[in-house]
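Residue numbers (the working numbering), protein chains in the order written: chain U, 9 to 569; chain P, 747 to 1399; chain Z, 31 to 209; chain Y, 259 to 375.
In short, the hints are calculated from the structure, not lab data. Idealized CB from N, CA, C, for every residue including glycine. Treat the hints with care, as some may be off.
Computed, partial: chain P to chain Y, Cβ under 10 Å [as the list claims (entries may be wrong)]:
# : residue
1 : Q1196
2 : L1198
3 : A1377
4 : Q1378
5 : Y1380
6 : T1382
7 : L1385
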Amino acid sequence: MSWLPIALVGVPLLGALVATVPAVRDRAVAWGIAVSAGVLVLAVALAAAFEYARPADMQLQSDRPWIPGLGLRFHLGVDGVSLPLVVLTALLTFLCFVHLAGHPPEGGRPGALVVTLLVLEVGMIGTFLALDLLLFFVFFEVVLVPMYFVIALWGGAARRAAAVKFILYTLLGSAVLLIGLLVVWTQAGTLDMVALAGRHGSGMARSAQILAFLAIGLGLAVKTPMWPLHTWLPDAHTEAPTVGSVLLAGVLLKMGSYGFARIAIPVLPEGAAALAPWLGAFAVAGIAYGSLACLAQRDLKRMIAYSSVGHMGFVLLGFASLTPVGLNGALFANVAHGLITGLLFFLAGAVKERYGTADMVRLGGGMLRRLPYVASLLTFACVASLGLPGLAGFWGEMLALLGAFRPVAGLSRPLFLVFMAVGGLGAVLTAAYFLAMLSRVTHGRAVETVPLAGPLEPPEPDEPSGLYEPPGPLATAEGVREVLSEAGEAAKPVEPVAADAGQTGGQTGKARRPFRDVTAHELAAWLPLVALIVLFGLWPKALLAVTTPAVQSLLGSGVAP
Amino acid sequence: MTAVVALIVLLPFAAAVAGLLATRLGTRDVRAEDVRTRGVGARDARTADVGARAERAAYRRAAWFAIVPGTVSAALTVWLAAALARGTPATDGRFWAELLPGRTEGTLTVVETGSVPISLTLRADGLSVLAGILVVVVALAVQVYSVGYMRDEPRYPSYSAFVSLFTSAMLLVVYAGDLIVLYAGWEIMGLCSYLLIGHWWEDRANSRAAVKAFLVTRLGDVGFLFGIFVLGLSAGSFRIDDVLRADLPRGTLVAATLLLLAGVAGKSAQVPLQTWLPDAMAGPTPISALIHAATMVAAGIFVVARLYPAFLAAPPTLDVLGVVAAVGMLGAALAALAQDDLKRVLAYSTISQLAYMAAALAAGSDRAAMFHLVSHGAFKALLFLCAGLVIHHVGSNLISHMGGLRTALPVTFWTMTIGFAALAGLPPASGFFSKDAVLSAVEHGTGPAQPLVYASALLTVGVTGAYAARAWLRTFFGPARIEPLPEPPPGVAHVFDGREAPPSMLWPAGVLAVPALLLGLAGWAAGVQVEWGPAAASLAVALLGAGIVYALWRAAPEQDPARLLGPFRAPCERAFYVDAAYAALVTRPVLRLARGVVRTDARVVDGAVRGSGRATLGLSGLVRLAQNGNAQLYVTGLLAGLVLIAVAAVVLT
Amino acid sequence: MTSQAPGLWPPSGPEVVFLLLGAVAVGSALLVVTTRQLVHAALWLVVCFGALAGGYLVLTAEFVAWVQVLIYVGAVVVLLLFGIMLTRAPIGPSAGLDSGNRWAAALVAVATAAVLVTVIVTGFRTAYAPLQPGRGAAEPLGASVFRTWVLPFEALSVLLLAALIGAIVLSRTDIRGRE
Amino acid sequence: MHVVYPVVVSALLFSIGVYGVLARRNAILVLMSVELMLNAVNLNLVAFDVWLGDRLHGGQVLTLFVIVIAAAEVGLGLAIVLAVFRTRRTVDVDRLRALAEVVRTPEPGRPDGEGAS
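Put together the whole structure using the sequences plus the hints.
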């Protein structure tokens, strides 16, 4: 009976409650940093106390009766699969608070934001630690409400609609998830994940398993976002504040995919085997669809959101193969995506804060000239995200493709070879849109022109964009205006927002923060992520050693590698 | 021994990391200051020159970080070669077993992935040391050359760091013992080439060329990765020894090698994926010398040589390679003849020479291919460095702006003459020996495509002689046409005041001239048989090509001898419009598809979501009728219900 | 009581008279609800009530008939005419007297009629009662009202009083409800 | 006298009254239709009283009572109609939408369509 998991969930909850006290509220961000630092220390302690000799078994469990009437138990524990995710959550939340210290939220009310983020952290960590189906569901839901408020109160222009769509969509998904969990409960008789995983679905009829997997899969697919159920993600990201986007992309998406690894696949193997081809098909559609959508985006944050759809497609492809290497790849890609996209959203937030807009056409070019450090970090993050070996992004995708190359015995080999091929092409498209974005935003000459007198009509987010043709034919001399308008689009002259360094006042729109390069707080928030991306890139064994045995036990040693 | 190999690979990597982070430390605040005060009154002259001094300090520190580790790595490679030479001769007739029999392999760690484990293994044998020496020597030469070439470039520290990173990635590919580790080095090379081609990113054309280079090679790399999957999974391990030792069924071998061929075509700019190399000339010339002449483009050929037993066991793949080589050889040579930009001439010549090596591999002799690879690496790097000197002097890449530089740039003239001699294959130079080794290999090759390959090889010798002579004549002879340009666009390096380049740039050219001249003789001495009959024939063809061009040039020095191509000149110059075809067939449709995806996403998928919202609102509108205040409507409903109940009561009971 | 009743068809003497009067009543009622002129509706109402009074007479309920004529025709219809006048309803034919849900109303009405008629005809096809003239005269009615029905009669007077006060309170403008 | 005849006539009258109540727009016409329905009931009462031959004349006394109540009802009804007329300037039943969810003031000139929410 270890107190660590309970402390991990309790400390942020207490922190949130205390933060509502007026005395604490005016120094809220400092308090937030303290609490999240405490949680990070606890998470590291958890990692230290974890016995790496046997990562497959559930360790540091604390199992208390919660609602005796229903037989629900407050059962927390951690194993190879959930350990990295818990540490990732604690780290990302701590970095978000550090970032908040230097950059107070635009919407004001920092105290309320701190409380919301701490409650969010409770939900996130609880989800990864929970070992009881309904406890998992409770934490899964606890996360939604604070995220709604983060988007609705501190978001961008059309935040209300985005927040409502976010919460309604995910709530619908969770309702279906609950049905699935209840089916499992009635069929298997117990809610304890460890016992259920141990049985490998022996006690349940095949049709019940398929039905339960379908329901649970749909609920989780909304959260991961699987392809057709993803439309809430771009809106939520475009409107969420930097901190919200980082946590939404860094952790909330992982809860969906973690659900697949912890509940759907080990508990319902026959259901998984029956629906794996569909899961694979949607995953691969997500990869191709996400990368194509990114190629034609104008808004930077929206593009990164669609790139998350693509990357989570790889994660789902890894799950669909139902092989240990596939699951390994999926879990690795999970953690890597959390780090990389967290960094990307931090950078996008920084760009949006300095330029006042995230519209790539209005950003003009030459960011490497004006913000050398932000731009070089953006280049690093994009290169990591497109899956360069030596950085974290590569291993997850490679292992997922390797899993798809030879799926588990029951699945049809040629179908998964097609999935692998499309996944590979998706990787090329990923490289295409990231480099296209880099060459539009960071390269080129920074044209010093003041924006047009009147307020620019905001480009409606997903109208076909004036996209720049990356691998164009023989290079033709580029016009001075650096306006890369597609011939089709009405070539209205869009003056890039060029708040030149040192130019103060006289700007249309609200007074913008001084146009400084990266600040101390931002560096403090970003460098740990950069370090971890390089560490996991150069030394994947750090993560794979923990997840491989756990995954083999989850899939049951019977499954051929 | 493995520690030495590890050190060779890690030293440039450490240099890169140090270069990127350390050089800027002292100057961070000054640079930011410099950016902010740019163009604000004379009062800040003081901070400006403080910035300049910090700039030079960072420059010098970066230069040291680049050159010292490079030299140490070179020394270690030579020591390794010596150690291998003393090693115990192995029996399985590995490459150059007689010269470098030794072999060493060490595994740092094995990463369990759930199916096939990945082992971080480094291995050194004759083949890898030979390629290693080439890489290290050319890299050192380029680093020294760059110190002078990038005289007052603000971004030199990052440039030199990326070159060191590239060198370490190439060495990783050369010394990799595990296919996945090889793939890691393979892709990092691609990234460095992207970063370095886009070095002068102010001009969007350079950044566009960099993106194109990365995407085309990345497309090939995906095929390469799938090839590795096929090999790894069927052999049960990714280690190269296990893969080569396991006897895999023919079908998987052919599939794997064909997929690997995709990666090789991407990286070594062979026919289907060669459009990126000429555009890659947008990068600084030393980069063209290092990456796009000697090392990266040779990596594809090296990998085929490394996995040669697997390729030998898959004849159809070799035939495909042969055909690709034949087409690539001739096409690139003709294109080189029609180019006006000196660097693009050399780029197309590189594609053509690489096709030669591929032809040798297809014909079954990896020895000839590797010999030509090393000698080509030497003399092509030399040619690029000299081209850099000429461009430095003239201030423009175009041959039409050059002329009569023989007197102005004596050292460059002689070194470049050696280079062109080697390229054309004239006797004393190394090109003569290595090209004839390839020609005799191709002549004795078997397989259906052999006559086509041999014919195209002979034809290409002639065309090579022609374009080498043309470039040589128009650059150094004829009327002087240089007029120093005021301030060159950032795409071109800075103009010197007429004198020849500083010694730091001349020495590397001189150093590389030695192997360009003597490597052939050394190879011959080391036992490479030369068949004098075909060698004489190929020499005659080369001289014939050169003679025709000389005659045309003699007739009218101002005009371009390429007029002999007549109507074919335009297609040759545009490389047979392959680029435009790719743009029309691949790029535009993908972008149109992308916009279509965004439109459907907004209208269909999102529409369905918003539609469900509107449907529920509509439904509630219907129900609201019951409360719209119209009392008569209520009573009607009431009585209708009453009648229904009455009827039901009557009917049912 | 139902001695061997004569056949339902052909109708005997008083039944014929009653049918005629019934037809007049139904016809005038139809006109009341369909006429386009407001005042004509009131007048047709008078005809309908008159016909009904005649019907009562045929059914030997003279007292009820006279009370019907006295109260309905005399007081109620006049009151309605006053109402029409006070609400300044247009005299001539005015369009749009029927509200929107005309067809629904017709449907319901026809359905009610159908249900009632079928139930009645199936239920009371053979019901026959010989008419004793003078049975419904004022004298027996008065006796039974003041012998057995005297309590409801008194309650009725209280009701009338309440209605009277209500009407006065509602129609006087100077009496305000609590704002 | 067959009781069927008067009862059928009263049923018809009653249905016509129902139609009048549901279809007429003017409140007074609605009151008239209500009167029609009450008369139908009276006819029914008298017909059954005669048929049952009740010594206490229950049917006919009740008819008297109904007539009295009808008179009171018309009086009160008209008072209400007048009060409504005085405040709303109209007595059209379907215009009086105070019960509606959203209090809608009918725009002048646009006949308020039935059922428009």
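Checked hints:
no.	hint	verdict
1	Q1196	violated (86 Å)
2	L1198	violated (81 Å)
3	A1377	holds (6 Å)
4	Q1378	holds (6 Å)
5	Y1380	holds (8 Å)
6	T1382	holds (5 Å)
7	L1385	holds (6 Å)
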